[in-house]
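For reference, each letter of the sequence shown is one residue, going 285 to 568 in our numbering.
It is possible that some hints are incorrect.
As the list claims (entries may be wrong) - List time: in silico EDC-like cross-link candidates among lysine to aspartate or glutamate, alpha-carbon distance up to 16 Å:
(1) 480 - 360
(2) 480 - 350
(3) 480 - 354
(4) 480 - 359
What the hints assert, rightly or not - Distance ranges between label pairs, derived from CB positions:
(5) 563 - 505: 21 to 31 Å
(6) 298 - 538: 31 to 41 Å
(7) 443 - 526: 41 to 51 Å
(8) 363 - 545: 18 to 28 Å
(9) 445 - 537: 20 to 30 Å
(10) 326 - 383: 21 to 31 Å
(11) 327 - 552: 14 to 24 Å
Bear in mind the hints are in silico, worked out from the structure with no lab data behind them. Remember, it's a predicted structure, so these values are computed and weren't measured experimentally. Note that CB positions come from ideal geometry on N, CA and C, so glycine has one too.
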Amino acid sequence: MGEATHASGGVPVARALLSQVHPVFMLPPLAASLFGGVFAGSVDPSAAAAHVTALFFAVYTAHVKDGYVDFHVRDEDDTHPLSAPTCRRALAGSTAGFLLALAAVWALAGPGAAALTAPTWALGYFHAPQLDTNTVGATLGYPTGIALGLLGGFYVQAGRLTPAVVGLAGVFLLFLSGIKVIDDAQDFDYDRSIDKRTVAVVLGERGAHRAAYALMATGMVAVVGLALGLRGIPPSAGLAALVFGAIALLARRAEPELATMLLIRGSYLFLATLVAAVWFRPLG
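Sequences are here, hints too, so could you generate the full structure?
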């Protein structure tokens, strides 16, 4: 096993705890929540802040737990900034923060909003070692969290769900699952050696590649269909599929690491295009 940093003093400990905030994976769920509020048509800042805060603590819990399991339990990583006791204290703190934020969501937006938000902590806490060792859990955990973030962000503002927002959440679930399959393919050799059954291990690298792009293509076709045929989603939202599709074509022949980098950034542009379409409605 490598070394864990046993930081002491306020500043070193704070830096070690902040190291578990990974913006690349933290920002999409928070942005999905805010997009849900924008899509609802009006935003109550207090309810939006409570929901975003709850998601922050849910994702932070996932990061700390994942690092704890990978370093202190599985002995997979060479180093980790937090000792095992500090990880456990961080998990207790993030869980307490989540529960306080969840209580605020309930108070401001009702039990339905809280019911959509509560599973995000469970997805984060149980990602490792329970969910990430099987094909479904490893692939769908993070995309499901983002889909729930979108649904919850909408619900805290609108007090209900609509077919349009459920359809968009399904789109995110589909194409983000495809990205996750590509991401997991980076660790194909290691995952196969420990019998970690990701899609790449189950289907092989070529099969996983085909499955990933089939999921992403289905998501893009779905968003175009929703934009053209479902009330509440502006037709210009279909442009998001063109933006992401262009980046997916660039990523298709890249190695898994570069492909993942391109596709994640493509997902940011996809969301930004949806926000612009909903906010400005350029095609009426």
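Comparing the hints with the structure gives:
no., hint, result
1, 480 - 360, "holds, 13 Å"
2, 480 - 350, "holds, 15 Å"
3, 480 - 354, "holds, 13 Å"
4, 480 - 359, "holds, 15 Å"
5, 563 - 505: 21 to 31 Å, "holds, 24 Å"
6, 298 - 538: 31 to 41 Å, "holds, 37 Å"
7, 443 - 526: 41 to 51 Å, "violated, 33 Å"
8, 363 - 545: 18 to 28 Å, "holds, 23 Å"
9, 445 - 537: 20 to 30 Å, "violated, 39 Å"
10, 326 - 383: 21 to 31 Å, "holds, 27 Å"
11, 327 - 552: 14 to 24 Å, "holds, 21 Å"
Consistency note: the structure conflicts with the earlier hints numbered 7, 9.
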